[in-house]
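Asker: Spelled out from the first residue to the last, the chains are:
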Amino acid sequence: MITAAELEHLAKLARIDLSEDDKKSLAKEFDSILGYIDQLKKADVKMDAEGRVGAIKNVTRPDEAVKISTEDRELLLNEAPDREGDFIAVKKIISQD
Amino acid sequence: MKIDITNLTIKKAHESLKRGDFTAVELTRSYLNEIAAKNKEVHAYLEVFDDALEAAKKADETMGEARSKNKDFPLLCGIPFAIKDNILIKGKTASSASKILEHYKATYYATAALRLAQEGAVFLGRTNMDEFAMGGSTENSAYGPTKNPHDLSRVPGGTSGGSAAAVAANMALVALGSDTGGSIRQPASFCGVVGLKPTYGAVSRYGLMAAVSSFDQIGPIAKTVEDAEIVFNVIHGKDIKDGTTITEERVSTTYSLKRVGKKKPVIGIPRLFLSMGGIDPSVKSAFEAAEKRFKDLGYEIKDIELPANKYALSVYYILNFAEVSSNMARYDGVKYGLHMDGKDGIDDYFKTRRGGLGREVIRRILLGTYVLSSGYYDAYYNRANAVRRMITEDFLKAFDSSGGGVDLIATPTTPGPAFKIGEKSNDPMAMYLEDIFTVTANLTGLPAMSIPCGALPLPLGLQLTARHGDEKTLFEAGKDFLGELE
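Residue numbers (numbering that gives the first Met the number 0), protein chains in the order written: chain A, 0 to 96; chain B, 0 to 485.
So here's chain B without its partners, still in its complex pose (with noise of 0.2 Å):
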């Protein structure tokens, strides 16, 4: 049977498997066939998982065990899924678009991807990314670069590219992600999306392969904002497993319950911030069509100054290649991945690496090595999270309540549309100089979000932040500037 699958959502595909309008079965095989009429050119998907029709029938089955009681079955229950190649899948292939673990094979699950799992959400398959986490674009991946949906000459955006393009291009109808400068956003905003990147430490980091661990988070990659939310509010919680996840208390309404009566969020920009230059004038008039909508919606838009923000990318980079430089020490050969013979065991380590990692991976971290070696780790390193709190004081006191502060801040997600494939790629200061606007999303903690607002053929993205655990108000405000509260 057809099922139109470009208009679904989580809730109308609830809807519908409820009504037996269509199986769960039905429905994973009316994706996994569009995955076989686009893969090729998109290139969003690594590997379809041979299992998928089989989790989509155990799904049916809870749902007619679920009708025979009268009684519901979960929202995601037999919803298809693309799950970015770094989020780990008990017994799946996870290779973060790395040579090194071209054959690895996951040997427990991610917490965030066990939630779903336990829902019954259906597994489709690993998407394309930038190796291991580092790139804007996709096309550092070891296994060639995905395209952008809506402009094949195009990039998707990065690291996300692959789950960004299978929402976009209709392969999933919802995926999840992973954001550590901007890398759920930036390709939801390329690809015309919605992305999510959560409050640090409100999604477990447990079965996520590292890339920077203070800044890392899973998120979802979804066509609304109430699709991002519905699997938000299953993905996120406090994990035994990992030591930085946050309790339920940290993230709540508290935030939007403060707010007097039904007032709407007040939204700051940081005008000095936008007025830097390098943004692209489609960006510039999308973003005043967007400050536009949200007064016309009965927002308060205020001006608010974030002084500290020119040194955002470079206190994010310094910390970005001192602890990637860490957390890639582990891919060594020996417990698992690629191993190459050297003349003995510690040259093992040095063929390895050089065989296994990719050009950017390798040149992270030797920065980082460098940021933290003796001699120049006050410079650097000390100094960048000296910085590094100054920029999050400056977040926090533009969202002090008391001192008459936002509820929201508002900027562009990029600096400009996607860019064609090959334009930034040899030039690794251009590919960071993408960033401007989300890693302050990372440095923070905050959570922001990336919504639709360009007129197609290139599509753009706006980004709201919001305070510690108040998605909440990202959601309600995501909502209504997509006309999704009608």
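Same shape as in the complex, but just chain A (with noise of 0.2 Å):
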């Protein structure tokens, strides 16, 4: 049974703020399924095999920046919540005490 304490861990991991109606209804849940995907302990499995999708490989191309337009600028900067001019502002995360 997963508990609060853990749930919290995650949460905090994943930046999402918990309940605590919502860790106990979770916590059940993750019961449930967590019980269920725990079957994939029974496979008989090597586990040095790759995990590779049909025949697919790494594509890489150079990591450049590429110039786009003053219009397409615009409709990007428009989307976030807080604009600054040509910035996008967010808050403070370190705190100077």
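Please note that a few of the clues may not be correct.
What the hints assert, rightly or not - The calculated lysine-lysine pairs, modelled on DSSO-like cross-linking and capped at a C-alpha distance of 30 Å, are:
| id | chain 1 | residue 1 | chain 2 | residue 2 |
| --- | --- | --- | --- | --- |
| 1 | B | K291 | A | K90 |
| 2 | B | K350 | A | K91 |
| 3 | B | K104 | B | K57 |
The hints are simulated quantities; they were obtained by calculation from the structure and are not laboratory data. Quick caveat, the model's predicted, so the values are computed rather than measured.
Hints given; two lone chains; assemble the complex.
Answerer: Here it is, written out as structure tokens:
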């Protein structure tokens, strides 16, 4: 049975606020779902097998900045909830005490 | 003028547009009228685009120009489409049926949508879905469920429920959906229409809001296999903006050409897997009838084994939770979408995400965080990837032509018909079990299509899976089964 403390830890990692009620219902659901997926422990599997899909390999390209049009730039910046000129504003995350 | 949209297909519409039986504006208006009459009840669309008629007018102009030069115009010119709410259309709202993107306007086109638009397709509106493509019934939409047009007390399936319902109810001629674990095929099955999940990499995911990056594919939902094929032919292809797309050579007719002469594809049925229980009797009998129909059409049926399939759902959900938890991190109220204030910068995230994301999304993010966390990563995520490879190898073995393999694998699409609204919404595990036949195509990357095979009032689907890149065999067998080759 997953504990409230464990759920709080996960919520912290995932940056999601959870109420006490949330934690109660989630604990039940976690148990039901983890109970099912735990079946996987029975699988007789070679753990060194690579987890590839089909015949896919990594494809790379140079990490280069691309110029976009002023219009597109405006569209992107306009979607930000808190825009200041050419910047997106965010609150401080490091306190100064 | 009254156009009979009930019996239209893309080719029929195209011929009529060519002959001048009706214009693209008249065609789009017919669908808009149908939407006005039915959408309040069915709730397939979250938004009907106010420029649909304008787009139809442009299509008429394109056709007029082509006619004056004695040239042909594209098959999709003037054809009315419904587009799932997680596929970006520049300038239009795209919310993935979530509150966190309620007012987000797409700043670019999804490649698949752009390719349709370039052919002159008309976008009627954006369709309802389970929030962020997590669910199996469209009940997880933050904007209310969609109803199954065949029975309004039942779900249309999910997560592309709105798209499937729109096509089934003649509120669009064809639709785009997305499929992560069956999200095109299962609603197609519940709504009695055709749904294709292409080979992984066949269709660009650029502009599709990512759910599970190694599973997701955009695909068509249509009334006929031919219509699905026409749309697939336009939207697939290598895209420089999506590094996981495969080249034309990999999505080809190679495999069907390997077949000697005009012999029909061999169909494999995983008997043991099907006998696992939990399958509705109506599905069993519809599947037996479908098997008989294939035999009557001259297909050889072989029994096959897919031993690792019993772990498919566990593998699927572990990887789903893991990748979802990573992909959902971007919804933090900073660059776009809903922002809710907390006491500082980090608390903003906590409040925004709790405020804007639905229950199922939060559940999966937390489960994903769990299976990826230190101490559990090896037992869950790494193990799931290794078993994913085992499952894929089972399929490749079944398809191995050198070893007397089959060309298609047939199963029911779903273990039962459309369930009642509310029936499974309180039990996440019961909802997950609905995916039992569809997840393997996403795990393996193989193309799979659902075609209608049950009698009304409740439609059922037959699922065919083919080799990587072999959509052509899916189309051939599907058209044969549905009598489209006559």
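Asker: Evaluate each hint against the coordinates.
Answerer: Taking the hints in turn, this is what the structure says about them:
no., hint, result
1, B:K291 <-> A:K90, "violated (66 Å)"
2, B:K350 <-> A:K91, "holds (16 Å)"
3, B:K104 <-> B:K57, "holds (23 Å)"
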